Structure formats: structure tokens, C-alpha cells
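Going line by line, the protein sequences match chains A and B.
Under this note's numbering, think of the first position of the first sequence as -14, with each following residue one higher.
Under this note's numbering, think of the first position of the second sequence as 1441, with each following residue one higher.
Quick caveat, the hints were computed from the structure, so don't treat them as lab data.
One or more hints might be untrue.
[As the list claims (entries may be wrong)] Covered, in the sense of this in silico footprint (three residues per stretch, anywhere, with C-beta under 8 Å from a C-beta of chain B), are these stretches of chain A:
#: 1; region: 9 to 18
#: 2; region: 30 to 44
[As the list claims (entries may be wrong)] Restricting the straight-line Cα-Cα distance to at most 25 Å, the calculated cross-link-like pairs of lysine to any residue (SDA-like) are:
#: 3; chain 1: A; residue 1: LYS49; chain 2: B; residue 2: MET1598
#: 4; chain 1: A; residue 1: LYS4; chain 2: B; residue 2: ALA1621
#: 5; chain 1: A; residue 1: LYS4; chain 2: A; residue 2: ILE55
#: 6; chain 1: A; residue 1: LYS49; chain 2: B; residue 2: GLN1578
#: 7; chain 1: A; residue 1: LYS(-13); chain 2: A; residue 2: GLU48
#: 8; chain 1: A; residue 1: LYS(-5); chain 2: A; residue 2: GLY14
#: 9; chain 1: B; residue 1: LYS1553; chain 2: A; residue 2: SER12
#: 10; chain 1: A; residue 1: LYS(-5); chain 2: B; residue 2: PHE1639
#: 11; chain 1: A; residue 1: LYS25; chain 2: A; residue 2: LEU10
#: 12; chain 1: A; residue 1: LYS(-13); chain 2: A; residue 2: SER12
#: 13; chain 1: B; residue 1: LYS1581; chain 2: B; residue 2: ASN1636
#: 14; chain 1: B; residue 1: LYS1576; chain 2: B; residue 2: GLU1597
#: 15; chain 1: A; residue 1: LYS4; chain 2: B; residue 2: LYS1553
#: 16; chain 1: B; residue 1: LYS1553; chain 2: B; residue 2: THR1568
#: 17; chain 1: A; residue 1: LYS25; chain 2: A; residue 2: SER12
#: 18; chain 1: A; residue 1: LYS49; chain 2: A; residue 2: ALA19
#: 19; chain 1: A; residue 1: LYS4; chain 2: A; residue 2: THR(-12)
#: 20; chain 1: A; residue 1: LYS49; chain 2: B; residue 2: ALA1521
#: 21; chain 1: A; residue 1: LYS25; chain 2: B; residue 2: LYS1446
#: 22; chain 1: A; residue 1: LYS(-5); chain 2: B; residue 2: ARG1471
#: 23; chain 1: A; residue 1: LYS25; chain 2: B; residue 2: PHE1495
#: 24; chain 1: B; residue 1: LYS1553; chain 2: A; residue 2: ALA19
Computed from a predicted structure; not experimentally measured.
Note that beta-carbon positions come from the ideal geometry of N, C-alpha and C, so glycine has one too.
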Amino acid sequence: MKTRVVVTLKPSVLDPQGKAIEGALKSLGLEGFASVRQGKVFDIELEGVEGDAANALIQQACEKLLANTIVENFAIQHG
Amino acid sequence: MAEPLKAAVLLFPGSNRENDVARALAAAGARVEIVWHESDHLPPGTDLAVLPGGFSYGDYLRCGAIAARARVMEAVTTHAARGGLVLGICNGFQILCEAGLLPGVLMRNAGLKFICRMQTLRVETTETPFTRAYAKGQVVKYALAHGEGAYMASPEEMKTLKQTGRIAFRYCDAQGNADAAANPNGSLNNVAGVYNSDFNVLGLMPHPENLIDPLTGGTDGRPVFAGLVANMTH
Chain A
-14 MKTRVVVTLK PSVLDPQGKA IEGALKSLGL EGFASVRQGK VFDIELEGVE
36 GDAANALIQQ ACEKLLANTI VENFAIQHG
Chain B
1441 MAEPLKAAVL LFPGSNREND VARALAAAGA RVEIVWHESD HLPPGTDLAV
1491 LPGGFSYGDY LRCGAIAARA RVMEAVTTHA ARGGLVLGIC NGFQILCEAG
1541 LLPGVLMRNA GLKFICRMQT LRVETTETPF TRAYAKGQVV KYALAHGEGA
1591 YMASPEEMKT LKQTGRIAFR YCDAQGNADA AANPNGSLNN VAGVYNSDFN
1641 VLGLMPHPEN LIDPLTGGTD GRPVFAGLVA NMTH
């Protein structure tokens, strides 16, 4: 079973990297970018766990390691 | 006469300041042992566990995130819960935050640049084993060397830190003004270091261990180590 976890900075947290990327896009002459925020994607393959147990497992992984919930949010997408 | 302070300096893959801090502790009269991160215990009689600076696990995932889950950290958590002293410098501070032993988190410097230079700090409290050898409000010069040192905490957490006097050091100018102009990395309230609620765990971004010899820039860091050693022999 395949799962994707997307970790993003909470909206209230400043993202200087996103700002720098936004600036670079604008300096390329690309117009229309209001803001850019950078995040992380984890593609995970599970073995021998499915359904609710898989959900609970990934939830634990996110809370314990993949995201720092002080400053980051996470979203779990089952593929 | 009591035994001198016994310090365990933890070594993670990618730590690089372990010898600096070991030398600073030894120069102050402490007994020092380097402990590998896979150890499930600290050496018997350890008074102080030190998490040195560096780039543990190449800063993968988040600075300090992987090291915070290393086996030896369970022993450090137990040591801290018993009232044992824990000092985290730079990457060590990041690891302590990731491990939940200190509140908050260290984020990318506001200016995105790695900062490597001397920095003045204000000692905010001297009622702890780490800063007892300083005067309250004293301005000291330590070395900065980090790319991710912007301290962040929730507004509630920051309020608690202030009210309980748990801010250890603040970035300031040479006159002791801890204002925005003296903030090198975007840390909230110029915070350079914080204590846990029992004041036995300290984390800070700047390096006192690199200011112990006039030959390499000054001796402002010495009182940290001298104070820790004196604390034990009293």
C-alpha cells in the first residue's frame, strides 16, 4: 500500500525559503505569483498493514517524526 | 572535597564540536567522557550530559530531528527527569528541542545565510548551575556558527518562558540592547538560549566552548564551565 505524506509550514510561520523562491520566480520574469511556501513530500510504501491500522500508523509516524507539529502541518494521502 | 564534575559528551554521526566542548570542560577541571549515540546509558556517575554542535545526520529531515530519536536520548531524558544537568549547544540545542526536552524549535535564519562570527549576548538569569559565575545582565561575547538558529515558540509558550525567567541568553549589541537591530537570525524576542522548567536543561545556539582562550578570541565562555564545575564541588 502506498501513502503520501505532505508536510507544510503552518500559515503563521515565516518561510524565508519560500520567499526566496518567490523572489527567484519573479526575477525570471514569470508573473502572477502572489506567494510561494515550501514543504516536504514523503512517499511511503506500507507492508502488511491496511485500512484503519495503516491510517493510525502513518498518523503516528507524522506526529513522532515526519512533522514538527509546533510549526508544521501534515496531510496524509492514500494512493 | 567532592569528586569533580563528570561530563558525558554525546557523539552523533555529524557532530563536530565534541572536542571543543570536551576541552573546555577539562580545562575547567571536569572529568569528560565521549559517549556514542548508540549507547543505552550514560556512564555511571554522570552529572552533566552535553550535546555538542555540528550537523548530526547531515541535518536531514530537520536539524536535530534524527539525533533526537537516537538510543542515547532515552538515557538523557531519564537523566534530565532525575534532575541531572543537560547542556545542548547549537545542533545540541536543536536536538533538545526536537526531543521535547526544551520548548520551541529552531528555524532557518531569517536572512537565509549561514552566520559565522562573534556575537554579543546578554545573560538573562544567573540563578542556574550554568550561569552562576556571571553577573545578571552581563554582556558576553560567544561565537555564532549556524544556518538554522531562529528560535520560534508559540505565543503562549513565549509568555511562559518570559514569566518564569527561562530565557537564558538574548542577542544584544555591545551595550546590552536586545533589540531588532541586534538580532542576527530572526529569533523571537532575540532569544539565544532557553531553560526547561526545572532549570537543569539549557540549550543555546552560540558557542561558549570556543571562547575559553585569549588566543582564539577571548575567555567569555569560561564561566559557564567553571560555574558548572564549582557547582558540583560545593
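Each hint, compared with the structure:
no. : hint                   : result
1   : 9 to 18                : violated (count 0)
2   : 30 to 44               : violated (count 0)
3   : A:LYS49 to B:MET1598   : holds, 23 Å
4   : A:LYS4 to B:ALA1621    : holds, 21 Å
5   : A:LYS4 to A:ILE55      : holds, 20 Å
6   : A:LYS49 to B:GLN1578   : violated, 39 Å
7   : A:LYS(-13) to A:GLU48  : holds, 19 Å
8   : A:LYS(-5) to A:GLY14   : violated, 28 Å
9   : B:LYS1553 to A:SER12   : holds, 20 Å
10  : A:LYS(-5) to B:PHE1639 : violated, 30 Å
11  : A:LYS25 to A:LEU10     : holds, 19 Å
12  : A:LYS(-13) to A:SER12  : violated, 38 Å
13  : B:LYS1581 to B:ASN1636 : holds, 23 Å
14  : B:LYS1576 to B:GLU1597 : holds, 23 Å
15  : A:LYS4 to B:LYS1553    : holds, 14 Å
16  : B:LYS1553 to B:THR1568 : violated, 32 Å
17  : A:LYS25 to A:SER12     : holds, 24 Å
18  : A:LYS49 to A:ALA19     : violated, 33 Å
19  : A:LYS4 to A:THR(-12)   : violated, 29 Å
20  : A:LYS49 to B:ALA1521   : holds, 20 Å
21  : A:LYS25 to B:LYS1446   : violated, 41 Å
22  : A:LYS(-5) to B:ARG1471 : violated, 44 Å
23  : A:LYS25 to B:PHE1495   : holds, 20 Å
24  : B:LYS1553 to A:ALA19   : holds, 24 Å
The structure shown violates the earlier hints numbered 1, 2, 6, 8, 10, 12, 16, 18, 19, 21, 22.
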